[in-house]
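**Student:** Could you slot chain B onto chain A? The hints should help.
Protein chains: 2
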Amino acid sequence: MDNEKLTPRSENFSEWYNQLIQRAELADNAPVRGCMVVRPLGWALWENIQSALDKRFKDTGHVNAAFPLLIPMSFLQKEKEHVKGFSPELAVVTHGGGQELEEPLVVRPTSETIIGYMYSKWIKSYRDLPVLINQWGNVVRWEMRTRPFLRTLEFYWQEGHTAHATEKEADEETMRMLEVYTRFAVDEAAVPVIPGRKSDTERFAGAVRTYSIEAMMGDTKALQSGTSHLLGQNFAKAFEIQYLDENNTQQYCWTTSWGLSTRFIGAIIMTHGDDQGLVLPPKLAPIQIVIVPIYKNDEERSKVMPFIENLKGVLSDFRIKVDDRTEVTPGFKYNDWEMRGVPVRLEVGPRDVEKNSVMSARRDIPGRDGKKILSLEGLSGEISNLLKEIHTSMYEKAKAFRDSHIFDPKDYEELKTTIEKGWAFSWWCGDGSCEAKVKEDTKATTRCIPLDQPGGKGKCIVCGKEAHEKVYFSKAY
Amino acid sequence: MDNEKLTPRSENFSEWYNQLIQRAELADNAPVRGCMVVRPLGWALWENIQSALDKRFKDTGHVNAAFPLLIPMSFLQKEKEHVKGFSPELAVVTHGGGQELEEPLVVRPTSETIIGYMYSKWIKSYRDLPVLINQWGNVVRWEMRTRPFLRTLEFYWQEGHTAHATEKEADEETMRMLEVYTRFAVDEAAVPVIPGRKSDTERFAGAVRTYSIEAMMGDTKALQSGTSHLLGQNFAKAFEIQYLDENNTQQYCWTTSWGLSTRFIGAIIMTHGDDQGLVLPPKLAPIQIVIVPIYKNDEERSKVMPFIENLKGVLSDFRIKVDDRTEVTPGFKYNDWEMRGVPVRLEVGPRDVEKNSVMSARRDIPGRDGKKILSLEGLSGEISNLLKEIHTSMYEKAKAFRDSHIFDPKDYEELKTTIEKGWAFSWWCGDGSCEAKVKEDTKATTRCIPLDQPGGKGKCIVCGKEAHEKVYFSKAY
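Residue numbers (our numbering), protein chains in the order written: chain A, 40 to 516; chain B, 40 to 516.
Chain A extracted, bound-state conformation (with noise of 0.2 Å):
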């Protein structure tokens, strides 16, 4: 058997991508058009996103519900901007129990409407506020060009959906949760991201203001990967989701709602992969050490597995695997999980036995330079700084491609040619008009305007006029 080579990243990244999803057991295609099975390695990652994520919601004082697949087409016409934005994308029932239904029903593009109604019959009073609810699910949008993880016609995902008694507070959780995606990206998944607000243009439909982290892909591109959007009382007016506040006066709510999808395995393909497979961040990764056994016959043999079995209890702390196939060989095993990306391989042959000690080799650092002599004493705790490391590593070798390929265009027509080298970081007036003559000169959108500002002022690079914010722009998936 042979390990086919993937396509370098260099010569076509899109079939790189296309290619890797296949070969590493991602994704398939599914007959449906646009939709995708997430085989075993996928769906597991997205498990230790779920985990993870979860994790900091419940921190946040979130907890989950279900809310129904299936929403009446009326209710998405409740709030002008969301049904503008969302129509054309819509799957619809038209018929059930081989009756055509009386109103059709939407399979959800998103949740805002449905929830809304809900919230109008729960909430009746300030002491009833806030109310933090995320959910887990799936949804479909009739898209156009698709593909795996990035696009799909129906993805995975979760969407929180939030109601609070002020704007103040409805802000603040706005932020919050920019802030704990921001958190997951570069802690869990070290994937460096900028958070920032989007433009008017960029805007969720129906929201009153969007923010949404921005990750550079190996080619350069953004990828928005997870966004937070406070949704004003625009949802609150279009749901009658209202409350007695403390005076006994009837006030609308507040709402918010923030969501991160399987989109995000795309962002953590594209910004780690390399020419052999996946890289996965340790963290994140369904199996983070990979043990191959390395003998020439069955004497050999002997010795190498109890050892290994052994080993097994040494690392009950990570989550591993050993690799006892017989019809392959080591090579073979090695080249299958980097494709897998699995962060730690440790090889195991006769000698590694008689020394006590394992031939480590890592993922993110191909060839001889990732590969250590690590002894059986002490290993856990070494495997474990090793793994920290791999995440440190993997952060910065990311941070550094990114932020060498963000520049600062003197003018307008070098902004052209930078766009086809990486992203630009510019003063913009806030101008519709400059964004897009953009986009039709050079393809690329707004990102976002970044939190973290160089304060001051400048020229916008499109127009001149005074700008107060700096913009990325850059093209984007």
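Honestly, the hints are just simulated from the structure, not real lab data. Keep in mind that the hints are not guaranteed to be accurate.
Copies of the same chain look alike in the list, so a pair counts if it fits in one copy or across any two.
What the hints assert, rightly or not - Below 30 Å or equal to it, Euclidean Cα-Cα: the simulated BS3-like pairs (lysine-lysine) are: (1) 160 <-> 117; (2) 322 <-> 97; (3) 322 <-> 94; (4) 410 <-> 44; (5) 360 <-> 163; (6) 160 <-> 44; (7) 410 <-> 335; (8) 94 <-> 360; (9) 97 <-> 351; (10) 460 <-> 436; (11) 207 <-> 117; (12) 360 <-> 207; (13) 163 <-> 207; (14) 322 <-> 427.
**Tutor:** Structure of chain B alone, referenced to chain A:
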């Protein structure tokens, strides 16, 4: 504020069930007929069910994945029994992205077809077998009569789908998962269940054999609480799931599927619930211990609250909640948490603080008999034992109730009256016409032919012919 009482179970069981679900805030009706919203308490219970089952699935070698929600209509038509069974219940998507679809898509009612299609792509050789995949998700079945948790248009479940090289292995898998469900029901949910085989009439559409676990609810009706199907080669032939065996010959796989759904929440409610509300089994209860502070004034409060703060540390191994609401009385809180089924309540007043103890109350034994003073010393161990005792006692009580409502009617006339007060356990010749007669005369169906048989033979309770197996007849949800 006052706690509203439930309609007693003895008066109107069905009304009691509906009220309990509303008052305990387990679920609510969605705006679409027959759909439900699972509220945070209900969902937290489901999450605990998921995590208990998921561990058992992984311990038996299964992995999770996610298959698409939308299935081409033509897929269902490939297995003739399957399409006959599910056609009347389908929700159909006819429009997507503003266009009428060329082929209508069904919202999955179950996933044998789409998974069969994928398995036929993935499975090539005997080395790829067995494939042991489970999926957690939502499905839609257009039911006419719905009730929260028991029968809803959309429900949540897990569906395992496995493919094997031989019939024997598939058969073993079917029985293994039936045993997993049995152990889960008994050991985690304290729900006594009877594992057995379904009659041909009650078999899953497309299966060769269906097994189920059957539980008796508080009104003596049966609830099918989990199913495991041996699918034979039916789906393998419909979807060309084939492998090359060791002799290089193409063979069809043998497949199984098995599922347990949010219906099980209904089983927990109706097995354990009483006139005060929900009674949750300790291992699955989202909150295992609620702590209620008792004080008359600020001085007492200043003694009680720091004591409770310390208690939280002592009890950190458990899922606890301190109810420090100031707008309601302790009595209100007792009723409130009884409605929500929390297994243990700890009351802490100034006297308890002085004595360095707490007053514990068991949810499953109302009133004084369930109360006990527990010293702070060794409290964690005491509580751990108490929770175990509650589990056992809930199980024993439910089992005693069930066993005292299972009868062995001497003839068909007695069977008819038996059905009005419980289950009949009777010899049955296996003939569908006898089964149909019972259903017509009594509304009872065959629940299962239990694995545990008395042996020997008897006379069919309906036709008097020789019978080799006994079956449970009862009304069912």
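**Student:** All the hints need checking, so say for each whether the structure fits it.
**Tutor:** Results for each hint:
1. 160 <-> 117: Answer is within; shortest intra-copy Cα gap is 16 Å, inter-copy 44 Å.
2. 322 <-> 97: both (19 Å within a copy, 20 Å between copies)
3. 322 <-> 94: For residue 322 and residue 94, the Cα distance is within 30 Å both inside one copy (14 Å) and across copies (20 Å).
4. 410 <-> 44: within (22 Å within a copy, 69 Å between copies)
5. 360 <-> 163: between (52 Å within a copy, 24 Å between copies)
6. 160 <-> 44: Between copies only: 21 Å across, 57 Å inside.
7. 410 <-> 335: within (22 Å within a copy, 68 Å between copies)
8. 94 <-> 360: Both, since 25 Å and 17 Å are each at most 30 Å.
9. 97 <-> 351: between (32 Å within a copy, 17 Å between copies)
10. 460 <-> 436: Classified as within; 18 Å inside a copy, 71 Å across copies.
11. 207 <-> 117: within (25 Å within a copy, 57 Å between copies)
12. 360 <-> 207: The answer is between: 28 Å across copies meets 30 Å, while 49 Å in one copy does not.
13. 163 <-> 207: within (20 Å within a copy, 59 Å between copies)
14. 322 <-> 427: Cα proximity of residue 322 and residue 427: one copy only (9 Å, versus 34 Å across).
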